[in-house]
Amino acid sequence: MLRRCLVIDPKDTVAVLLEKADKGDTVQTPHGEVILLEDIEFAHKVAIVDLDAQQKVLKHGHEIGYMADAAPKGSWIHNHNMKCDRGR
Amino acid sequence: MKFMGYRRADGRVGVRNHIAVIPSVFCAAKTAEMIAKGIEGGVVLRHPVGCGQVGLDFEFTARTLTAMGNHPNVAAVVVVGLGCERFKAAELYEGIRKTGKPVGMVVIQEDGGTVPTVEKGIRIGQEFARQENGRPRVECDISELTVALKCGGSDATSGLSSNPTLGAMSDLLVKKYGGSTILTELNELLSTEHMLAERAVNKEVADKIYAAVYEVEERLRSHCDDRFPGRNALMSPGNFTGGISSIVEKALGGYEKGGSAPITDVIEYSIPPEPGKKGLFLMNSDSHDGECVTGMVGCGAQIVAFTTGRGNPTGFPIAPVIKVTGNESTYKKMQDNFDFDASGVIAHGASIEDLGKDLFDLVVRVANGELTAAERLAGDELFCVGRR
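These protein sequence lines are chains A and B, in that order. Numbering of the first sequence is given in our numbering, commencing with residue 1 and proceeding in unit increments. Numbering of the second sequence is given in our numbering, commencing with residue 1001 and proceeding in unit increments.
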C-alpha cells in the first residue's frame, strides 16, 4: 500500500512517515519508490537511500547524526541504528 | 507594502492602542487590576516581581516593565506603585515619560490606600481614554513590523508543518519586505549553534551566537547533576517515542521557525535592537513560554506568532498572539484557540511556501487590527517577567 511521507529538504537521506505504515508498504520519494523493510510509526524516519555505516543522516537538509551500522533503503532509522555525538 | 498602525512620539509603530496599567511591584497588582477594569481599553500587566531582587535579576524586571510601558502597542500608561518597593514607581514613570508617551502615576502608601488610589488611577486612565478615543490609524511601512517566533506545547507535527510555516512567513517579512523577526529559546536550539553561526551576517555576530548558546548551556548544566549527562538529557522519552532520534533532530524542529534569513544580531532580553537595524534577530533567552515571549515583546515585537501541536490558549496583554497548529485533530478540537491551520502539510501535502504566504497575509491583517483568538478570549498568561 502506498503511504504518505515527507522529504523536508532535497538533500535529505531520510523521509518522515506521515501515517503509520507496515512492512511491504511503499513511499514515493525523489529517489523513486521505496519499499518499507519493517513497520514504521507515524513521524518516524525511513531511509530513502542505502546508508553505509558512519554515513551522515540528513534531515531538514542538515546532519542529525550518523549510522552506527549500515542500513538499506526502506529501513526504519532511529536511535537503535543512528548515533549523534552532539548529544554528549 | 503598507499597513495601518499607530505612530508613537518616539517614532515607533504599534498595531494596538492599549492603555496599560503597570504595577511597579507585585504588592500593587490587585490595585492595578481594579484601575484597569475602570478604563475602556485598559489592560493590566500583572506580575510577581519588583522587590526583594538584586543584580541582573532586578535589571531584568526594571527593563522589562519599562519596555512594556514604552511598547508601541501601548498608547498611554498608568504606573501603580506601593511606596517602599525596590523598583520605585517613579523610576518606571520616568523611564516611560522620557520617550514622550502619556503616563501617570499613583502610589498606594501616598495616595491613601487601595480605594483612593484606584479612584485616582481610574481618573488618570479615563483622561487618557478620552484623548485616545477615536484615534485614527496611520499608514506605516511593513518593514516597521517585528514578529516574535515561538513554539510551545509542541508535538511531532510542529517541526514538520507549523514551524516551517513560521519560517516561510519570517523569510517573506524579512527578505522580501525588510521587516524583522525574533527567534529565541536557545536551550531548544543547542546543537544547531554551528548552523546558526553560519547564518550570521559577520564574524562578530557569529561569535555572539556561540557565546549566547554556551551561556544558556552553562546555566542549564549548573542546575543538573550526574543523572542528566550531556545535551541528550534535554530530550524527553516522548521525543524518542515520537520518532526524534537525536538532540540535533529535535533542535531542527524548532530551528525551522527562523526560516533561512541571515541572522542580523544577537539581542538581549527586553532590549530592542539598535534603531534602524532590521532583519532576523536571535534573542538571548531560554524557552519558558511566558518569559521568552515577554522578552521578545520587550525587544519591540508588536505581534507574536506561536505554534502549538497540542493546543495552547495563552495570550499576551498588549500584543496579539497568532496561534498556529500543524495538527489537524488539535485544530478541530480547539478551534476557538486557533488563528491558522497548517495541518495541510501532513493531511494532504500542502506546500510550506503557500502556507507561509497565507500566514504572512494573516500577520498583515492582524497588524491592521484583526483580533486574534487569544485576544477575543482576553488571554494574558504569557506576560511573565524573566528571572535570573
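These aren't lab readings, by the way, just hints derived from the structure by calculation. Among these hints, one or two may not hold up.
The calculated lysine-lysine pairs, modelled on DSS-like cross-linking and capped at a C-alpha distance of 30 Å, are [said to hold, decoys possible]: (1) B/1333 <-> A/20; (2) A/11 <-> B/1208; (3) B/1277 <-> B/1002; (4) B/1333 <-> A/11; (5) A/11 <-> B/1101; (6) A/20 <-> B/1277; (7) B/1208 <-> A/56; (8) B/1203 <-> A/11; (9) B/1277 <-> B/1332; (10) B/1357 <-> A/11; (11) A/11 <-> A/83; (12) A/56 <-> B/1101; (13) A/83 <-> B/1208.
Here are the computed distance ranges between Cβ atoms for each label pair [said to hold, decoys possible]: (14) A/50 <-> B/1198: 23 to 31 Å; (15) A/61 <-> B/1211: 56 to 64 Å; (16) A/33 <-> B/1365: 36 to 44 Å; (17) B/1055 <-> A/23: 31 to 39 Å; (18) B/1215 <-> A/69: 45 to 53 Å; (19) B/1057 <-> A/80: 29 to 37 Å; (20) B/1230 <-> A/2: 49 to 57 Å; (21) B/1194 <-> A/68: 18 to 26 Å; (22) A/32 <-> B/1369: 46 to 54 Å; (23) A/22 <-> B/1056: 35 to 43 Å; (24) B/1336 <-> A/9: 32 to 40 Å; (25) A/69 <-> B/1210: 39 to 47 Å; (26) A/83 <-> B/1361: 51 to 59 Å.
In this text, a Cβ means the ideal position worked out from N, Cα and C, and glycines have one as well.
### Task
Could you say whether the range 51 to 59 Å given as a hint is met by the Cβ separation of residue 83 of chain A and residue 1361 of chain B?
43 Å, violated
### Message
For a C-alpha distance cap of 30 Å, please report whether residue 1277 of chain B and residue 1002 of chain B respect it.
### Response
The hint holds at about 19 Å.
### Beta-carbon spacing of residue 1057 of chain B to residue 80 of chain A - inside the hinted bounds 29 to 37 Å or not
For residue 80 of chain A against residue 1057 of chain B, whose Cβ atoms are near 44 Å apart, the range 29 to 37 Å is violated.
### Task
Quickly compare the C-alpha distance for residue 1277 of chain B and residue 1332 of chain B to 30 Å and report which way the hint goes.
40 Å, violated
### Query
Between residue 1194 of chain B and residue 68 of chain A, does the beta-carbon spacing fit 18 to 26 Å?
Between residue 1194 of chain B and residue 68 of chain A, where Cβ atoms are some 22 Å apart, the hint holds.
### Message
Against the 30 Å threshold, does the CA-CA distance of residue 1203 of chain B and residue 11 of chain A hold or violate the hint?
### Response
Judged against 30 Å, a Cα distance of about 27 Å means the pair holds.
### Outcome of range test on Cβ distance (residue 33 of chain A, residue 1365 of chain B; 36 to 44 Å)
42 Å, holds
### Message
Taking 39 to 47 Å as the stated bounds, is the beta-carbon spacing between residue 69 of chain A and residue 1210 of chain B within them?
### Response
33 Å, violated
### Task
Mind checking the alpha carbons of residue 11 of chain A and residue 83 of chain A for me, to see if they're no more than 30 Å apart?
Distance of about 19 Å is within 30 Å: holds.
### Task
Take a look at whether the Cβ-Cβ distance between residue 22 of chain A and residue 1056 of chain B falls inside 35 to 43 Å.
55 Å, violated
### Query
Range hint 31 to 39 Å: satisfied by the CB atoms of residue 1055 of chain B and residue 23 of chain A?
59 Å, violated
### Query
Is 46 to 54 Å right for how far apart the beta carbons of residue 32 of chain A and residue 1369 of chain B are?
50 Å, holds
When each numbered hint is compared with the structure, violations occur for hints 4, 5, 6, 9, 12, 15, 17, 18, 19, 20, 23, 25, 26.
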